[in-house]
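Given only the sequences and the hints, what does the whole structure look like? Please build it.
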Amino acid sequence: MPDTSPPPEPLSQPPEPLRRVDWLAVAPWLLLLRAPGVTFGWPLLLGALGTMFVLGGLESDHAADLGSPVSLLRVAADRLVAFPADVLGAFRETFANEEFSSGRRALRLVGMGLGLTVWGVLGLVIVDHAARRLTDSRSVGSRAVWWRAVKRLPTLLGLFAFLAVVVWLGLWLWPLILRSLWLDAWTPIAVLSALGGGVALLISTGLVLLLGGLLLAAPLLWPAIVVDDADAFDTVSRAFAYATQRLGRLIGYVAVAGVLGVLSGALVEAVTIAALNLSFAGFPPLETSDPAGDGWARNLLGFWSALFDRAARGFYPAYWFVATTGVYLLLRRDVDGQPLDEMTLPRDQPADAA
Numbered sequence: 000m001p002d003t004s005p006p007p008e009p010l011s012q013p014p015e016p017l018r019r020v021d022w023l024a025v026a027p028w029l030l031l032l033r034a035p036g037v038t039f040g041w042p043l044l045l046g047a048l049g050t051m052f053v054l055g056g057l058e059s060d061h062a063a064d065l066g067s068p069v070s071l072l073r074v075a076a077d078r079l080v081a082f083p084a085d086v087l088g089a090f091r092e093t094f095a096n097e098e099f100s101s102g103r104r105a106l107r108l109v110g111m112g113l114g115l116t117v118w119g120v121l122g123l124v125i126v127d128h129a130a131r132r133l134t135d136s137r138s139v140g141s142r143a144v145w146w147r148a149v150k151r152l153p154t155l156l157g158l159f160a161f162l163a164v165v166v167w168l169g170l171w172l173w174p175l176i177l178r179s180l181w182l183d184a185w186t187p188i189a190v191l192s193a194l195g196g197g198v199a200l201l202i203s204t205g206l207v208l209l210l211g212g213l214l215l216a217a218p219l220l221w222p223a224i225v226v227d228d229a230d231a232f233d234t235v236s237r238a239f240a241y242a243t244q245r246l247g248r249l250i251g252y253v254a255v256a257g258v259l260g261v262l263s264g265a266l267v268e269a270v271t272i273a274a275l276n277l278s279f280a281g282f283p284p285l286e287t288s289d290p291a292g293d294g295w296a297r298n299l300l301g302f303w304s305a306l307f308d309r310a311a312r313g314f315y316p317a318y319w320f321v322a323t324t325g326v327y328l329l330l331r332r333d334v335d336g337q338p339l340d341e342m343t344l345p346r347d348q349p350a351d352a353a
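Residue numbers (numbering that gives the first Met the number 0): 0 to 353.
Hints were generated in silico from the structure; no laboratory data involved. Just so you know, these numbers come straight off a predicted model, no measurement behind them. Cβ atoms here follow ideal geometry from the backbone N, Cα and C, with glycine treated the same way. Don't take every hint at face value.
[Claimed, not checked] Quick list of the computed label-pair ranges, beta carbon to beta carbon: (1) 116 x 343: 20 to 28 Å; (2) 69 x 160: 42 to 50 Å; (3) 111 x 340: 32 to 40 Å; (4) 72 x 333: 25 to 33 Å; (5) 273 x 152: 17 to 25 Å.
Put into structure tokens, the structure is as follows:
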């Protein structure tokens, strides 16, 4: 007799869990989108401290009103570029200004060296914080971060000394050698010098390329020290290799980071100007019968306004260190194939403290 019973119902399958898309694996450059958010916090505070006490002065040059969005973007772009430009300009002025005496030039170099040292330590702390935030790594205590930054300072100072020697060779010593080769008299030495002009030109070209590569690699020195716990030699080799082997991607990453920095900087400018105007409108200086007291009150109000302005301007150096950390992680992945979230433990840190 045929079986007329209904077929058994299929076993119910549990619903498939929603899979989280690893967008960083699909588009690694999206890591840079985290840079503005990471900057607001400890990096901004440290950038404000460096801006107030290293770059000097508490002047305020913000516009009286917000203006157009284009003007805000222009101001943000100028200030984003001004941080490294001011450092390079100070070195160029120190060496190029013939009116400076040797003593004054030495004092300026000492002051610039102290300023770079302070920025070096602040940069190491900002990069340490940014690398852990960008890679979602476990955070450590602030005391440990500062202690590691101080212990890494000799490596950074060694890098500064190396770069200073290279720049000195390129900007001063090599032109002297070239000028000594070209002799006016028709002598055998002059003939040999003329024949060696082609060799000198090739060497000059190589020196220019080397200086250009070091200039591109200079912002990556801080992430190389922190992320890979590299020594001075390894830091230079890593930064130079990452900056030159993937030049196209470096330009693309810098372009994305630059656009994000300008947009975020325009937002900072808008908030700063709006807050200053609101403060002036809500708390105007009171007029009293004491002119000296009025002047003191206005000066104090101007001091607080300038202090707030300078602190807000610390966003730009802080963003520089955060963005270069993201660019370094991306270039390291492209060149060496290392994961974005891989960080080398410091030599004095146990594995369970990562």
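Tested hints:
no.	hint	result
1	116 x 343: 20 to 28 Å	holds, 24 Å
2	69 x 160: 42 to 50 Å	holds, 43 Å
3	111 x 340: 32 to 40 Å	holds, 36 Å
4	72 x 333: 25 to 33 Å	holds, 30 Å
5	273 x 152: 17 to 25 Å	violated, 39 Å
Hint check: a violation occurs at hint 5 only; the rest are consistent with the structure.
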